[in-house]
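J.: One-letter residues, chain by chain:
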Amino acid sequence: MDFAYLAESFWRLLGGVPLTLQLAGTSVAVGFIVALTFALAMYGRVWPLNWVAEAFVFVFRGTPLLVQIFLIYYGLGQFRPELTDFGLWGFFRSPYYCALLALSLNTAAYSAEIIRGGLLSVPRGAIESARAYGMSGPTLYRRIIGPIALRQALPAYGNEIILMIKATSLASTITLLEITGVAHKLISETFRAIEVFLCAGALYLLINSILAFAVRRAERWIAPDLERTEVAATVH
Amino acid sequence: MEPKSFLELMQWGPDGWLDEMVFGTFLTLAVALVSFVFGLVFGAIAAWAKVSGGPFSNRLSVTYTTVFRGIPDLLVIYLFYFGAGLALAALASTFFGYDGFVALPGFLVATLAIGLVSGAYQTEVIRGAWSAVPKPEIEAARACGMSGWTLFRRITAPQILCYAVQGMGNIWQLVLKESALVAVIGLSVHFAEIRIGDIVLLGETRFSDLLRQAYVAAGSTRQPFPFYITCVLLYLAMTTLSTVVFKRAEFWATRGLRTA
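As given, the protein sequences belong to chains A and B, one line each in that order.
According to the numbering used here, the first sequence holds residues -16 to 219 in order.
According to the numbering used here, the second sequence holds residues 326 to 585 in order.
What the hints contain is simulated information worked out from the structure, not anything from laboratory work.
Values in this document were obtained by computation on a predicted structure and should not be read as measured data.
Just so it is clear, CB atoms sit at the ideal spot from N, CA and C, and this is done for glycine as well.
Watch out, some of these pointers could steer you wrong.
Said to hold, decoys possible - Computed list of chain A residues with no C-beta within reach of chain B, every gap over 12 Å:
#, residue
1, V11
2, R44
3, R114
4, S119
5, L123
6, L153
What the hints assert, rightly or not - Sample of chain B residues facing chain A (criterion: CB under 10 Å; computed from the structure):
#, residue
7, L399
8, Y406
9, G408
10, A409
11, L413
12, A417
13, Q498
14, P551
15, T568
16, V569
With the rest of the complex left out, here is chain A (with noise of 0.2 Å):
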């Protein structure tokens, strides 16, 4: 093994690092946002949102991420006309924005499924309980909804900011440069895999894990009463 060489590819991956960041921070808070919306669409059952929100669930669970990406980055291209004519030519033709894009719709997707599963945990009793006392609306969501469906989700949904991580892999695909983009190019370069995917591999299990101790950290923050157990894979 090659000394020199590794510490020379982990610099030049370290490269890569803010842009991996950068997409799976984004993308988690743009789906945040998105899948609250949907998951509380499905949640309150209002005709026809509840059926939007399904069909997008559906769609986007139910398809490879990299199907997704190549439909936004190289299919939708096919309509460079149009999109120029509505001033959106300017984000489609990027792949950093496509990437982003892609990302976004895919982790709200699955962020929308673990938030309803958060709320349809909440107990019939504790919202009766809260009608009884006048509450109703936002403060009945602020007060005793929204805590009781945050602490039964954030295990699960810890697991999908860590997919987030390797998810923004497939950016690579479409030209990124984040930490797989760069390792391929090093890869294409000097054909030594072994080191380079030493490094690479290293980068990712070092940002999962630091993420994965800050999600314990939190899980016993807000539920310090909950046993916690280990989530079991969780996967997509």
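Position chain B relative to chain A; hints supplied.
T.: Chain B in isolation, oriented as in the chain A frame:
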């Protein structure tokens, strides 16, 4: 080139792309299926190491699941694709003095890579199902004089299968969607002509997985949107069908269990 309508693009035969897309779907399914089976093997071994292995094998298994659940699948596929090629090339030049490109068994490399990742998730499912097997049943079996392999075969294993069905369904969906990643390494398979007597059922073809096929068709016709939409629809069909099948399987597997 005059743009064609969706139906013109999606004809069966040499004028359209429907046949290519359908064969791509079959290859995607094959990749997913073989990866899933590889994953089952890796998962079963790692789960066994976690449940009843010694401290060393336990440590090894924990490392395996942590690493492969913590790094992106695409990175693993790259490692296998480039790494295996390099390893083969190195072997070829050391032992046969052959310096040049070594053709890869692309299918094997891709399915091993995806199988290794899904195996890490399957480990947790199998381990969870294993620990769900009621302890008194094991004790009862021991009291009846069963031990070792007999106990595992008659009591533990059948129940692990029952408890694991739901989790395995989730992982099958994951693997199915992950199989799209083979598009980036351009996996393709070659088929000889298929004929019955004089009738040619299928000419000699080389085709790739569903997503790659859509990519190729999009590049060739300069009309990417219809192909990616078709790709989306075919994946939706696959995942929806899988959901139905696994619902059935779960119902069947848990028919003897008391439900709330």
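J.: It remains to establish, for every hint, whether it holds in the given structure.
T.: Verification of the supplied hints:
Distance to chain B confirms V11 (chain A) as a non-interface residue, since its nearest Cβ pair spans about 16 Å, more than 12 Å. Against the 12 Å criterion, R44 (chain A) falls within the reach of chain B, whose nearest CB is about 8 Å from its own CB. Consistency note on R114 (chain A): stated as away from chain B, and its beta-carbon is indeed over 12 Å from all of that chain's, at 26 Å minimum. Against chain B, the non-interface label of S119 (chain A) holds: every CB pair exceeds 12 Å, the least being about 31 Å.
Non-interface status of L123 (chain A) relative to chain B is upheld: no Cβ of that chain comes within 12 Å, the nearest being about 28 Å off. Non-interface call for L153 (chain A) relative to chain B: violated, since the shortest CB-CB distance, roughly 6 Å, does not exceed 12 Å. Look at L399 (chain B): its Cβ gets to within about 5 Å of chain A, closer than 10 Å, so that hint holds up. Look at Y406 (chain B): its Cβ gets to within about 8 Å of chain A, closer than 10 Å, so that hint holds up.
For G408 (chain B), the suggested interface contact is upheld, since its CB lies about 4 Å from the closest CB of chain A, less than 10 Å. Using the Cβ-Cβ criterion of 10 Å, the hint placing A409 (chain B) at the interface with chain A is satisfied: the shortest such distance is roughly 9 Å. The interface hint given for L413 (chain B) is violated, since its Cβ lies 12 Å from the closest Cβ of chain A, which is over the 10 Å cut-off. Hint status for A417 (chain B): violated, given a least beta-carbon distance of 14 Å to chain A, over 10 Å.
For the restraint placing Q498 (chain B) at the interface with chain A, the shortest Cβ-Cβ distance is roughly 8 Å, inside the 10 Å limit, so the hint holds. Checking P551 (chain B) against chain A: minimum C-beta separation of about 8 Å stays under 10 Å; hint holds. The beta carbon of T568 (chain B) comes within 9 Å of a beta carbon in chain A, closer than 10 Å, and the hint placing it at the interface holds. For V569 (chain B), the interface hint is violated, the least distance from its beta-carbon to any beta-carbon of chain A being 12 Å, above 10 Å.
The structure does not agree with the numbered hints 2, 6, 11, 12 and 16 stated previously, though it agrees with the rest.
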